[in-house]
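Visitor: Listed below are the residues making up each chain.
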Amino acid sequence: MSAFVIRRLMSMLLVLFAISVLVFVIFFAIPGIDPSRQMAGRNPTPETIKAIKHEFGLDKPLPVQYVLVMKHLLVTRDLQSYSNRGVEVVPQILRATPVTFSLIIGAAVIWVFWSVVIGVAAALLRGTFWDPLLMSLALIGIAMPVFWVGEVANLFTQDRWHDTFLFSWVPPLGYTPFTEDPVMWFKHLVIPWITLALLYIGLYARILRSAMVEAEGQDFVRTARSKGISEQRVLGRHMLRVSMITFVSLFGLDFGALAAGGALLTEVVFGLPGVGRLTYRSLAGLDLPVIMATVLYGAFFIVIANALVDILYARLDPRIREPVTA
Amino acid sequence: MSEPLLDVRDLRVTFLTDGGDVTAVDGVSLALGADEVLGIVGESGSGKSVTMMSVMRLVPERNTRFEGEVLYGGRDLMQLSRRTMREVRGSEIAMIFQDPMTSLNAVYTVGWQIAEQLREHEGLSAAAARDRAIELLRSVGIPDAEHRVDDYPHQFSGGMRQRVMIAMALSCSPRVLIADEPTTALDVTIQAQILDLIRTLRRETGSSVVLITHDMGVVAELADRVLVMYGGRIVEQGPTRAIFHDPLHPYTWGLLGSIARLDRPRPHRLTAIGGSPAPAWATPSGCVFADRCPHRFERCSEPPPLVAKRGAEDHLDACWLPIEKRGDLR
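Top to bottom, those sequences are chains A and B.
Take 24 as the starting number for the first sequence in my numbering and just add one per residue.
Take 9 as the starting number for the second sequence in my numbering and just add one per residue.
One or more hints might be untrue.
[What the hints assert, rightly or not] Some but not every residue of chain B turned toward chain A, in silico, with C-beta under 10 Å: (1) PRO68; (2) HIS162; (3) ILE186; (4) ILE198.
[Unchecked claim] Restraint-style ranges between C-beta atoms, simulated for each label pair: (5) ALA280/A <-> ARG20/B: 35 to 43 Å; (6) LEU278/B <-> ALA26/A: 54 to 62 Å; (7) ARG207/B <-> ILE29/A: 48 to 56 Å; (8) ARG73/B <-> ALA26/A: 35 to 43 Å; (9) GLU69/B <-> SER159/A: 24 to 32 Å; (10) PHE201/A <-> ARG73/B: 55 to 63 Å; (11) ALA26/A <-> ARG91/B: 23 to 31 Å; (12) GLY166/B <-> ALA26/A: 27 to 35 Å; (13) LEU156/A <-> ARG73/B: 23 to 31 Å; (14) ASN71/B <-> SER159/A: 17 to 25 Å; (15) ASN71/B <-> ARG118/A: 29 to 37 Å; (16) ALA136/B <-> ARG118/A: 55 to 63 Å; (17) ALA136/B <-> ARG100/A: 21 to 29 Å; (18) SER159/A <-> VAL315/B: 37 to 45 Å.
Worth flagging that the hints you see were computed from the coordinates, not collected in a lab.
Just so you know, even glycine gets a beta-carbon here, dropped at the ideal spot from N, CA and C.
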């Protein structure tokens with residue numbers, strides 16, 4: 024097991040290094056993106072640009088620049104934003120992380136619960152009109168873009184019906200940390216949670232339904248029934264348990280991607296100052312240090328999520344585990 | 009035979025499909041005596057598995073019509089509530105399936121899977137069920153059972169998995185064991201071992217066995233009585249000896265003729281039954297075998313009854329051919 028973890032860590036580091044180089048090359052070495060020109064303002068003189076380049080070390084050879092950026096980012100942790108002089112990047116990300124996690128954990132709870140309910144219900148009600156109905160609803164959930172749902176939700180909760188009893192509790196867009204006011208935290212997040220979860224409820228309900236339907240026809244389910252155990256047990260312990268293998272591995276990957284900034288649209292629409300919104304802003308302003316930092320942060324979570332999925336997968340499916348030598 | 013243990017009367021199973029009704033089992037009656045091994049032979053699609061799965065009520069009930077009675081212990085299993093049926097399943101009547109590779113759940117240890125059944129029916133504690141599982145695994149010949157109990161199905165070979173299935177089926181000492189082609193997926197040497205095992209355990213536990221197979225050799229080896237099925241109906245039934253030495257139905261002749269025998273001069277070719285089985289959605293109204301039968305005549309357009317001929321009460325067949333002429337025709 025420890026060998027597995029060490030191997031996993033080594034490959035994680037390698038992947039992170041490769042990603043950092045790649046991102047660096049894309050933003051610093053490809054001609055056309057010149058951060059010094061961005062910073063110099065309108066109609067800069069060549070001298071100004073030169074001075075800026077010198078100040079930020081942009082006139083040094085690329086490998087040196089890479090090392091400098093990484094050193095400021097990871098070692099001294101005082102990498103500064105290009106667009107907002109003096110603003111340090113690392114604390115910005117540290118501030119954004121809890122927002123993103125508040126958003127995606129809440130959404131994940133909702134989406135896992137409802138997709139299991141809907142997926143299992145549809146599989147059990149196969150042959151009745153409920154199954155196609157639930158699956159169509161799921162498809163609608165998948166088909167609605169999250170920014171559109173978010174905007175519509177805002178339209179009603181913030182504007183049209185805000186003064187009715189339905190939505191008068193909804194606070195203005197923004198975020199309150201859990202540690203400051205848990206109730207306010209909840210009020211701010213509950214609509215973003217549902218908005219973000221909709222897509223995944225649809226996706227996971229459909230995946231689970233097909234996995235359950237597939238399990239239904241499997242020999243081991245017939246064996247389980249022949250044992251005389253209760254139908255609930257056949258369903259929960261046998262069919263659902265086996266169907267969960269696919270479900271959980273997909274969940275890990277999707278959750279990792281969301282943690283990495285994939286909830287960007289939801290964050291932007293609802294004004295949540297999370298990592299996604301930070302990435303969005305840094306990209307809009309070509310703020311290279313922030314881009315570097317957010318991309319690396321994202322890569323970190325995706326790699327972590329992948330490693331966790333691998334471990335979890337082995338926990339869920341004994342066939343993946345290395346054979347026990349007798 | 010005294011009071012039968014399991015008495016199936018005029019069982020009819022019809023699948024309602026988009027293309028019309030398909031009768032998979034068409035009026036099958038059979039009786040299983042105490043301490044008896046009943047072989048059911050027939051080719052794929054003859055309805056032998058569906059018959060026994062219906063007895064266990066394991067055929068999906070959606071879009072399926074069941075008619076007839078399955079009497080066991082004074083009750084009609086077809087009429088039992090699902091809950092009561094569950095108590096019969098696994099504890100009174102247990103089943104082994106064809107493919108041991110897929111019949112066990114890959115994500116649980118074999119011990120857990122055996123214990124699950126024990127805990128359901130016998131109310132054992134987890135620890136007691138585990139101990140019992142180890143005993144059972146040992147009794148089906150799994151070496152090092154106290155360690156193997158914690159292994160997963162994929163860590164066992166096919167033959168060993170079938171042993172696990174047998175251990176599981178016998179865990180609650182059922183009175184009836186249904187073995188649905190238990191050796192089909194195994195290679196020949198393992199087949200013999202598994203058959204031996206079933207024979208030995210049966211003797212020890214006194215369970216009656218229904219052995220479903222398409223392998224006449226397996227039947228000859230184990231069965232006391234044989235039922236030959238074709239197209240969802242029984243075409244011949246009788247004591248194993250009689251079926252092998254004095255088969256009456258042309259279909260049984262065909263089955264026996266297609267076995268390569270080592271104790272006789274080698275024939276030029278093995279006889280094969282011409283044609284292919286009538287599809288279940290187009291079963292003929294007369295004799296089901298008529299289309300493929302080399303001896304058919306006008307009368308075969310009516311369904312022949314399953315009756316005893318020639319005085320032997322326990323040897324029945326469903327054929328119109330006059331009994332005196334059969335010896336010459338074969």
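Visitor: Compare the structure with each hint and give your call.
Guide: Here is how each hint holds up against the structure:
1. Hint status for PRO68/B relative to chain A: holds, with the closest Cβ pair at about 8 Å, below 10 Å.
2. This hint holds: HIS162/B has a C-beta 5 Å from the nearest C-beta of chain A, less than the 10 Å allowed.
3. A cut of 10 Å between beta carbons decides the hint on ILE186/B: the least distance to chain A is about 9 Å, and the hint holds.
4. Interface restraint check for ILE198/B: the shortest CB-CB distance to chain A comes to about 19 Å, outside 10 Å, so the restraint is violated.
5. A hinted range of 35 to 43 Å for the beta carbons of ALA280/A and ARG20/B is inconsistent with their spacing of about 55 Å.
6. At roughly 57 Å, the beta-carbon separation of LEU278/B and ALA26/A lies within the given 54 to 62 Å, and the hint holds.
7. Distance hint check for ARG207/B and ILE29/A: the Cβ-Cβ separation is about 53 Å, which falls inside the suggested range of 48 to 56 Å.
8. For the pair ARG73/B and ALA26/A, the supplied restraint of 35 to 43 Å is violated, since their beta-carbon distance comes to about 59 Å.
9. At about 27 Å, the beta-carbon gap between GLU69/B and SER159/A stays in the expected band of 24 to 32 Å.
10. Evaluation of the 55 to 63 Å hint for PHE201/A and ARG73/B yields a pass: the beta carbon distance comes to about 59 Å.
11. Between ALA26/A and ARG91/B the C-beta distance comes to about 50 Å, which lies outside the given range of 23 to 31 Å.
12. Our hint of 27 to 35 Å for GLY166/B and ALA26/A holds, since their Cβ atoms are close to 32 Å apart.
13. Separated by about 27 Å at the C-beta atoms, LEU156/A and ARG73/B satisfy the suggested range of 23 to 31 Å.
14. For ASN71/B paired with SER159/A, a C-beta distance near 23 Å keeps the hint of 17 to 25 Å intact.
15. The supplied range of 29 to 37 Å is broken by ASN71/B and ARG118/A, whose beta-carbon atoms lie about 59 Å from each other.
16. Between ALA136/B and ARG118/A the Cβ separation comes to about 56 Å, which falls inside the hinted range of 55 to 63 Å.
17. Between ALA136/B and ARG100/A the C-beta distance comes to about 59 Å, which lies outside the given range of 21 to 29 Å.
18. At about 57 Å, the beta-carbon gap between SER159/A and VAL315/B misses the expected band of 37 to 45 Å.
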